[in-house]
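Asker: Each chain, written out:
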Amino acid sequence: MRTLFPTIPVYSGLVVGALALMLILRLIARRFEWIMPWYYILPAIVFLLTFTFFPVILTVVLAFTDYAGIRNGQLNIGSETRVLEVDGNRLTIEKPRTFDCADLRNGCRNVRAVLYASGTLEVAAETLEGTVLTLAAPPPAGRRIESVELFLPDLGFGFGSTVLKVNGKEVTLDKAPPFPPQLEAVTLFLDRQALNRTMAGDEGNLITLKTPLPPGFEAVAIARYNDFGWIGLRNFRTIITQASSALLPVFSWNLSFALLTIIINTAFGVLIAVLLNNPALRFRALYRTLLIIPWALPNIITIQVWRGFLNQNFGAINRLLMLFDLTPNPIDWLGNPWAAKGAVLLVNLWLGLPFMMVATLGALSAIPRELYEAARIDGANAWQSFRGVTAPLLRTALIPIILTGFAFNFNNFNIIFLLTDGGPPVDWGTATARGTDILISWAYNEAFRSQGGLAYGLGSAISIMIFVITLAVSLMNFRVTGALREESNT
Amino acid sequence: MTRGYLQILGVLAAAIIILTLLITTTPPAVSEGRFLVIPFGWLRLLAGFLVAVSAVSSSAYLYGRVKRPARAGQYALTAGTHLFIWSCILLTFYPVFFLLGVSFNRNDSITSPLPREGNALVRSGVLPNPADLSTVQYHKVLSETHILWYQWIIIALLAVAVLGLMTAAWAKRSGADPYRLERLQRLLGWTVFLACAALIVSITPGQFFSYNEAGERVPGSSERMIILYIRNTLLVSGTTGLFAVLISTTAGYAFARMRFEGRYQTLLTFVFVQMFPSFMTLVAIFYLMSYLDLINTFTGLILAYSGGAIAFASWIFKGYLESISPSLEEAAMVDGATRWGAFFRIILPISIPMLLFIFLLQFIGTYSEFILANTLLVGQEHWTVGIGLRNFTSGRFNTQWGALAASAVLGSLPILLIFYTFQDALTGQYQAGGVKG
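These protein sequence lines are chains A and B, in that order. This note's numbering puts the first residue of the first sequence at 1, with every later residue one more than the last. This note's numbering puts the first residue of the second sequence at 1, with every later residue one more than the last.
Hint data in this document are derived by calculation from the structure and do not stem from the laboratory. Glycine included, each C-beta is placed from N, C-alpha and C at the ideal position. Check before you lean on any hint, since a few could be wrong.
Quick list of simulated restraints, FRET-style, between CB atoms [claimed, not checked]:
no., chain 1, residue 1, chain 2, residue 2, range
1, A, Asn-313, B, Ser-143, 26 to 32 angstroms
2, A, Arg-395, B, Ser-87, 24 to 30 angstroms
3, B, Pro-219, A, Gly-78, 28 to 34 angstroms
4, B, Arg-186, A, Val-473, 39 to 45 angstroms
5, B, Ser-87, A, Gly-335, 26 to 32 angstroms
Pulled from the structure, derived: some chain B residues nowhere near chain A, Cβ distances all over 10 angstroms [as the list claims (entries may be wrong)]:
no., residue
6, Leu-12
7, Leu-50
8, Ser-143
9, Leu-199
10, Asn-212
11, Asp-335
12, Leu-361
13, Tyr-420
Pulled a few chain A residues facing chain B out of the computed Cβ check, cut under 10 angstroms [stated by the list, open to error]:
no., residue
14, Leu-271
15, Gly-308
16, Asn-414
17, Ser-441
Please build the complete structure, drawing on both the sequences and the hints.
Answerer: Below is the structure:
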């Protein structure tokens, strides 16, 4: 596609492919009836395969590579250096330091390189009539002659002219030289020709290619690609060696953050929901509507505003606490690792309470009123009917909600990244795993921030660990809710 | 009877006297560095709260003893509940109120000195200073937004349609002909939707500029483009929501109504895939999008979001269809409709509330997404609201506090309006327990 229509973007391939697919599918459906249900699912499957399933597989693959900002598979233009000598498949380069094989994993073995052919060619010409220069031999095939330089002996310097047309040996110049030129040695300026080769190794300023250059290709310069490749379990080994400074603190905070958040939010959510569930309570619809406001505001905005409220010297929270003498000194919410953890939990309570409240109200409304009636007839008071009726029925209804909330908060990137930015830095941590970093923000720091060295491969390796944990929680959720058990019976 | 009411009056009067005493005997707040401190203020706060609780519940108890002596305790409990919930509402609303206060404040800097006038709450900076009330922050963040003439027409149309909708809702409540009103409401609803869509599509980055000293147009600064960020976010969220609905309805229908080889396995795969939020495969998506040349385009972001949305949406839609009886479609098919015809003419119209729910859920979720947008969108003209605000908080946060607050309020408005307009559709699904996992 690219070579046929160089101007169109790559993704138009997707559009053309989809159209062609539709046509073929209609034809197939006439032939095979049973395929019909799949047509209903196909768009979803195509999307899932491309943008969810394929990335999951790719993440697993990349976790075993050293894909990184400096090894991103692109051509490294800065590595270009001159080729001094070519001997079969061995090249002598001018500046090994610039070419920088030492920066790569195994030197330059198995790394791709681009070789540039000579840009100038000395040839002999036969005649010059007007602006038409006839060469002694045809110029190399496939190369474009951009300009020609003729030496004018009468003046003692060269005369350059761009080339309008090349026809066999005849080259039409832009303008004729004012004096007769020297025809024995004419310099042709050719377009730069590039050739891809894979390197077999390097030693000092000597580069070995896997396959020799074709005859007639005079390499003058070479640049290498920022290739990445397999490194086996090295990413995982890096994670394990950093266990005490990154993996363990981050994981334990991640776990306790998710657990504490869900415990605190559930406790408050259930309390308020039970109070609001009383049908005799006036204004309960209004209260619900009012209490829901943190859910109705986009958290991407409110979390960032909370950053201002939690400012140590000028934030509203510290002003309030100080005014009522609740704290002797202003709390450094975002600068002290423990206070930052408290701040995350506090803001997450504010954000998550409405959801827990609404979900609990839903669970409560599923409890039949008759049970309360029966309890009242049996002489139970409010507390007894809560313990005897509400609590046990609520527990079963809340477990899936709690597990979903746990899985969500376990990977709650927004609150960590936007509120504390993973910070503050701590003595026992690393530049990428700081006071409030959770696994997903740690992975993000490794992969997309300068302090992590844009180590995409390492980020993927951390993501895989999160996969495993998320999978475990979700499977537990399905076991509890039995959502899939019903399916397998049908 | 009158004795009961007198007792209530007595309790309330006593409470008011104690509260007044608590407030008036408060020692003057002392200044401690950047803060104002009332020594042992928490003791007074606690005492005041306890007095209020006991006054409210005991007067409710006395009132109950007059009305229904057997349930007087219930009355006291209910009054206490109200007070507790109001405290919760107060705490929940304090940040929202404060944000509004900052956005309508003349001072832009978070470090601006505390006011010297007013009561202790204002002087300590806990409440915004009413003397500084001003709309200057909004003027500032909107100053480089230039709206074209036809966009004004769309806005006017939008305003008329919204007013019409509100009038219709009011007329419906006061008992006008519901059938004719419903048609009008549908028409107005579509007008609002189409006007919003037209507005979102028609806004371009070129409309954000200012003039330098020489009178030349220069591109707007990144802190004055909140309208563009909102437009970008709405465009991305809206398209993602539509995509999720379009693609997941057929899949959900097939899973719910058709029995075929491989159904369970496919369903299992969907559930499995849905467990992984797309940002977890961030690196791979980044790689895929750079391969497809879709870095820094809305298309790339929308595709990435949709991929994560479809499995979940299909799962919900399947659950919804299973809860409604298939007899309608079966009747249609007996009358000669094809499978597709039954789906298109029968199922889709009756599941509009569910489709709306899927759309809104996706829309609101996408609006608040940060990590993918931040990774895939590099150019400032493509930023979403979250990235635009992040530019404030990570950059010149201290000096732009007011502008940040004004931008935050503007950026929250679309979701706030949508959320409260469709509140029942959105929270009702959780209430009914229709959404699991």
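Asker: Lying within 24 to 30 angstroms: is that true of the beta-carbon distance Arg-395 (chain A) to Ser-87 (chain B)?
Answerer: 27 angstroms, holds
Asker: Just to be sure I understand the hint, the distance between the Cβ atoms of Arg-186 (chain B) and Val-473 (chain A) should be within 39 to 45 angstroms; is that true here?
Answerer: 43 angstroms, holds
Asker: Beyond 10 angstroms from chain A, beta-carbon-wise, is Asp-335 (chain B)?
Answerer: Answer for Asp-335 (chain B): holds, closest chain A Cβ roughly 20 angstroms.
Asker: Non-interface claim for Leu-12 (chain B): all C-beta distances to chain A beyond 10 angstroms?
Answerer: At roughly 19 angstroms from the nearest Cβ of chain A, Leu-12 (chain B) sits farther out than 10 angstroms, so the non-interface label holds.
Asker: Hey, does Ser-143 (chain B) actually stay past 10 angstroms from chain A on C-beta?
Answerer: For Ser-143 (chain B), whose nearest Cβ neighbour in chain A is about 21 angstroms away, the distance exceeds 10 angstroms, so it holds.
Asker: Honestly, do Ser-87 (chain B) and Gly-335 (chain A) meet the 26 to 32 angstroms range at C-beta?
Answerer: 30 angstroms, holds
Asker: The hint names Asn-414 (chain A) as touching chain B; please verify it with the least Cβ-Cβ distance against 10 angstroms.
Answerer: With Cβ-Cβ at 5 angstroms, under 10 angstroms, it holds.
Asker: Please verify that hint: Gly-308 (chain A), Cβ, nearest Cβ of chain B, below 10 angstroms or not.
Answerer: Nearest chain B Cβ about 6 angstroms off; hint holds.
Asker: Falls inside 28 to 34 angstroms, the C-beta gap from Pro-219 (chain B) to Gly-78 (chain A)?
Answerer: For Pro-219 (chain B) and Gly-78 (chain A) the Cβ distance comes to about 31 angstroms; the hint holds.
Asker: Taking 10 angstroms as the cut and beta carbons as the points, is Leu-50 (chain B) off the interface with chain A?
Answerer: Per Cβ check, Leu-50 (chain B) is outside 10 angstroms of chain A; nearest 15 angstroms; holds.
Asker: Return the status of the interface hint for Leu-271 (chain A): holds when the least beta-carbon distance to chain B is below 10 angstroms, violated otherwise.
Answerer: Constraint on Leu-271 (chain A) satisfied, holds at 9 angstroms.
Asker: Since Leu-199 (chain B) was said not to touch the interface, does its Cβ keep a gap of more than 10 angstroms from each Cβ of chain A?
Answerer: 19 angstroms, holds
In this structure, the one hint that does not hold is number 13.
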